[in-house]
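Peer 1: Using the sequences plus the hints, can you model the full thing?
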Amino acid sequence: MQTQSQNIQKRALLLVAHGSRRQESNQEVIALGHVIAAHQSYALCEAAFLELAAPSIKEGFERLIALRATEIDVMPYFLAAGRHVVEDIPEELEACQRAHPSVPIKLAPHLAAVQGQMAELVIQLMATAKPLDRQ
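For what it's worth, my numbering labels the leading residue of the sequence shown as 39, then goes sequentially.
I should point out that these hints are in silico values taken from the structure, not numbers from a laboratory. Just so you know, nobody snuck in bad clues.
With a straight-line Cα cutoff of 25 Å, these simulated SDA-like cross-link-like pairs (lysine to any residue) come out:
1. Lys-96 / Gly-57
2. Lys-48 / Asp-111
3. Lys-144 / His-122
4. Lys-144 / Pro-93
5. Lys-144 / Ala-75
6. Lys-144 / Ile-68
7. Lys-144 / Glu-97
8. Lys-144 / Leu-70
9. Lys-96 / Leu-117
10. Lys-96 / Leu-149
11. Lys-48 / Ala-75
12. Lys-144 / Leu-105
13. Lys-48 / Ile-103
14. Lys-96 / Glu-132
15. Lys-144 / Val-67
16. Lys-48 / Val-141
17. Lys-48 / Ile-68
18. Lys-96 / Gln-65
19. Lys-144 / Val-73
20. Lys-48 / His-138
21. Lys-144 / Glu-132
Peer 2: In structure tokens form, the structure reads like this:
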């Protein structure tokens, strides 16, 4: 017999970024994950990195599984559809899917795939641009 808590669906988000040797850059992605988690659209949210930083995509995915995620949405935090978005991330996720075939995975498009919204964001950011200090 399953208890009510066993029946609860836990939808999770895996936020995937490139990764950087610069720890501050990685922390920005992790902080974004916390902001997304605070919106409570997902029961769980984890940041992961393709390379140069931890956790890896596999490690982030496995953490969500350990936290009992029942479905995982993946957001590639990349601007353009380069090799990482088109090949590397899907390959990593296919390996995760083979390891956990009962957990559905959905892959969102990269950020600039929504060009209208991206254009609005660029315009908003340019409104806050400051002169380059060349001292």
